[in-house]
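In order, the protein sequences belong to chains A and B. Residue numbering for the first sequence follows my numbering, beginning at 7 and increasing consecutively. Residue numbering for the second sequence follows my numbering, beginning at 28 and increasing consecutively.
In case anyone wonders, no lab produced these hints; they're calculated from the structure. Check the hints yourself; a few may be wrong.
Listed next, with one range per pair, are the computed distances between beta-carbon atoms [as the list claims (entries may be wrong)]: (1) A:F198 / B:P109: 24 to 34 Å; (2) B:R53 / A:D158: 29 to 39 Å; (3) A:R203 / B:D57: 43 to 53 Å; (4) B:T58 / A:G98: 34 to 44 Å; (5) B:K111 / A:Y10: 22 to 32 Å; (6) A:T107 / B:P60: 23 to 33 Å; (7) B:A44 / A:E170: 32 to 42 Å; (8) A:D105 / B:N39: 41 to 51 Å; (9) A:R203 / B:S36: 29 to 39 Å; (10) A:V104 / B:P107: 48 to 58 Å; (11) A:N151 / B:R37: 47 to 57 Å.
Far from chain B by the CB rule (all over 10 Å, computed), these chain A residues [stated by the list, open to error]: (12) A124; (13) I173; (14) T187; (15) D191.
Just so it is clear, the structure is predicted and the values come from calculations on it, not from any experiment. C-beta atoms are modelled at their ideal positions from N, C-alpha and C, and glycine is treated no differently.
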Amino acid sequence: MWEYEKRLQFPVRIKHPDARAAKVIITQYGGPDGELGASLRYLSQRFSMPDPRVAGLLTDIGTEELAHLEMIGAIVHQLTADLTVEEIKAQGFADYFVDHTVGVYPQAAGGFPFTAAALASKGDPITDLSEDMGAEQKARTTYDNILRLVDDPDVIAPIRFLREREIVHYQRFGEALGMVTDKLDRKNVYAFNPAFRR
Amino acid sequence: MNAGMGNESRENDRMRAVSFALDDLRLYLDTHPCDEEALRLYGDYTEERRKLLASRTDFSGSVNAYEPNLANGWDWNDGPMPWKGDK
Chain A
7 MWEYEKRLQF PVRIKHPDAR AAKVIITQYG GPDGELGASL RYLSQRFSMP DPRVAGLLTD
67 IGTEELAHLE MIGAIVHQLT ADLTVEEIKA QGFADYFVDH TVGVYPQAAG GFPFTAAALA
127 SKGDPITDLS EDMGAEQKAR TTYDNILRLV DDPDVIAPIR FLREREIVHY QRFGEALGMV
187 TDKLDRKNVY AFNPAFRR
Chain B
28 MNAGMGNESR ENDRMRAVSF ALDDLRLYLD THPCDEEALR LYGDYTEERR KLLASRTDFS
88 GSVNAYEPNL ANGWDWNDGP MPWKGDK
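Taking the hints into account, I'd like the entire structure generated from these sequences.
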């Protein structure tokens, strides 16, 4: 069961609209390495994670990713809410605007709608945790690329916070993978699926 | 552990019932924010939930990580996860 806390994990207060920035940042809302996919990845994987400590970690990180989804939505909203139609046309936002006005929609920067095809839940703790470490690095790379493309300090601060959380999650997943491999049967030197040995 | 299981189950059932009452009343209050009866019930159930959380003897760990029971260390991941059914 979930409960909503009416606050952002890190503040988002953007003074200047910028449709170009919104159009790349939205990829962390609904793109291939975005926060929605991250949350669904971890919250789905936990069902087949036998170690309750690791299942708990997946719950906690999957929950935090929803808070990050909210932050990205807040950034996109604040960057676009006050745009004029002239700004929308001049800043290359007309193709998004025609479908969504200035609503927030889960899509990649290239316009492709959110797809679960970008995440995996394999039912193998080692496979899944290895995927998670890769996923956190992909999200970190995406935030690095966003930081190369934006120059507003009001946008940079929350994006840097989110980038740092990817690094923390990568560390925790690495430790969780260690916890799982430490418990492997001594005969399982090749680390086959320890959750389905039938 | 076994001696208290009956109580723990009743505690869990009451916790679930009180929490669901709050979930349902919350939606009602979102569209009827001035309903005095609903407000009073929300307050009563909030108080009961707080008491249930404080007196919890369940062995499946803290219910909420912002208000954990730290008396037995980090118990957040103790006990069966809620999706495990009776296993």
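So, going through the hints one by one against the coordinates:
no.	hint	result
1	A:F198 / B:P109: 24 to 34 Å	29 Å, holds
2	B:R53 / A:D158: 29 to 39 Å	37 Å, holds
3	A:R203 / B:D57: 43 to 53 Å	48 Å, holds
4	B:T58 / A:G98: 34 to 44 Å	40 Å, holds
5	B:K111 / A:Y10: 22 to 32 Å	25 Å, holds
6	A:T107 / B:P60: 23 to 33 Å	28 Å, holds
7	B:A44 / A:E170: 32 to 42 Å	41 Å, holds
8	A:D105 / B:N39: 41 to 51 Å	46 Å, holds
9	A:R203 / B:S36: 29 to 39 Å	33 Å, holds
10	A:V104 / B:P107: 48 to 58 Å	50 Å, holds
11	A:N151 / B:R37: 47 to 57 Å	54 Å, holds
12	A124	24 Å, holds
13	I173	21 Å, holds
14	T187	18 Å, holds
15	D191	21 Å, holds
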